[in-house]
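From first to last, the protein sequence lines are chains A and B.
For the first sequence, the working numbering begins at 1 and goes up steadily by one.
For the second sequence, the working numbering begins at 48 and goes up steadily by one.
The reader is advised that the hints may include incorrect statements.
[Unchecked claim] Computed list of chain B residues with no C-beta within reach of chain A, every gap over 10 Å:
#1 111
#2 140
#3 156
#4 214
#5 254
#6 291
#7 305
#8 309
#9 316
#10 322
#11 323
#12 342
#13 346
#14 354
[What the hints assert, rightly or not] DSS-like mimics (lysine-lysine), calculated; alpha carbons at most 27 Å apart, straight line:
#15 B/315 - A/3
#16 A/16 - B/342
#17 A/33 - A/20
[What the hints assert, rightly or not] Sample of chain B residues lacking proximity to chain A, with all beta carbon distances greater than 10 Å (derived):
#18 87
#19 114
#20 149
#21 152
#22 300
#23 303
#24 308
#25 349
Since the hints were made in silico from the structure, they are not lab data.
For each residue, glycine too, the CB sits at the ideal point set by N, CA and C.
If you want the building blocks of each chain, they are given just below.
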Amino acid sequence: MAKERTLTDVSAEELKEIVKDFESEGATVETTKQPNGLWTVKATWPE
Amino acid sequence: MRLYLGCIVPLITVIFALSGCSLLGSENANQLLNPQSLHDVQGTEQAAVAAKLPIADYYAAMELAKSSYTSSNVTHQLGNVENYVEEGIGLVDTYCLRWFRLVSNTQRIAAYSRSNTNVISQLGTTVLGIADASADLVTGYGAVNTAISGFSSNFETAFLGAPTTSKVKGKILLLMSQEAKRLRQRSAAGSPKLKFKEAYGELERYADLCTFEAAREIVDGALNVSEPIVNPASGEITTSSFTKDDSGDRIRAFWKPDGTNANPNNTKIIKNWLGNNGIDSTSITYFMRSNLFVKARVKMVLELNIPPL
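Bound-form chain A, shown alone (with noise of 0.2 Å):
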């Protein structure tokens, strides 16, 4: 099973090192936009 770990509210200052760093520890990772214009990232790592 895949494993999965994600920040909300990131601000849009602080998304680039966010995601660089979760790609660092090898997650995919992806990123949406929410409603009050902060982000949420979701790193998913493989089984």
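Chain B: place on chain A using the hints.
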């Protein structure tokens, strides 16, 4: 008719109990909720006089500041405006504290009414003999019950919710103390002169800090933080809110000393520490930036002796 009278008596009892005419409607209600206020308009004669003191002082200071302003058009005569600002801050602070006390007391009364409603609703359906009572009476009883339950929950929704009131109060008082400091600096002798009407407006803005709207904003801000989500299959908390703090920044600098590439040795140290402390080690990023691990990050920084930035 006998059935009707037999039902109306308990119904009146219910309404009486729920309308605040019971324990908390008594003269001693305030003393049950909190110790006697030091200054209280409804207290002893001396307490009532003392309670009105900041009000009288404020308006006296305002008259003095206003008259010195209009008579000579100078703004800092004899420190009148400075004194007016000081009295204004004092009065707003007093009103604010009394408002929070009233909110807190009313919340407790609402909670008391709600708990009574629950007990009485259980009893009520039995005492009324719902199965035998007329449809109109049952409907009336239900309406009273719903109205009272609704009052207590609506009050908490409309106001601040009992568990958070003290935190909201703390935040508002902190904001006010910062603003009061700024206002005092503005009005102090030697500063650029503050005119009476400017001081008047500044005090109104200061008073706006302690309003329902400001409190609601603080509560809403806290509620906007997403709740953590637990994966039902694994029991792991897989979703939480982003939080950036000093400990997280220090851990990141330790993990990626050049800002981009992870130091393999330090990665191992961090992962070992997480494992030894029973913390999810799937992702250092998640640990570093989740609001779930604020305290754990502080502990890690201390125990691994991670230096400040």
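_What's the verdict on residue 315 of chain B and residue 3 of chain A, does the C-alpha distance respect the 27 Å limit or exceed it?_
holds (20 Å)
*Non-interface claim for residue 114 of chain B: all C-beta distances to chain A beyond 10 Å?*
holds (50 Å)
_Separation of residue 305 of chain B from chain A, once the least beta-carbon distance is taken, above 10 Å_ = Per Cβ check, residue 305 of chain B is outside 10 Å of chain A; nearest 12 Å; holds.
_Distal placement of residue 149 of chain B relative to chain A, Cβ over 10 Å_ = holds (33 Å)
_Status of residue 303 of chain B, Cβ more than 10 Å from any chain A Cβ_ = Answer for residue 303 of chain B: violated, closest chain A Cβ roughly 8 Å.
*Looking at residue 111 of chain B again, its CB stays over 10 Å from all of chain A?*
At about 48 Å from chain A, residue 111 of chain B clears the 10 Å cut-off, so the statement holds.
*chain A versus residue 349 of chain B - minimum CB to CB distance exceeding 10 Å, so not interface*: Holds, since 23 Å exceeds 10 Å.
*asked:* Next pair to validate is residue 16 of chain A with residue 342 of chain B; report whether the Cα-Cα distance is within 27 Å.
replied: At roughly 25 Å apart (the allowed maximum being 27 Å), residue 342 of chain B and residue 16 of chain A satisfy the hint.
_Nearest-CB test (10 Å) between chain A and residue 291 of chain B_ = violated (6 Å)
*Per the stated criterion, does the least C-beta distance between residue 323 of chain B and chain A lie above 10 Å, as a non-interface residue requires?*
With a cut-off of 10 Å, residue 323 of chain B remains clear of chain A, as the shortest Cβ separation is near 19 Å.
*Is the nearest CB of chain A more than 10 Å from the CB of residue 87 of chain B?*
Nearest chain A Cβ is 43 Å from residue 87 of chain B, so the label holds.
*Is the nearest Cβ of chain A still more than 10 Å from the Cβ of residue 300 of chain B?*
holds (12 Å)
In summary, the numbered hints that this structure violates are 6, 8, 23, 24.
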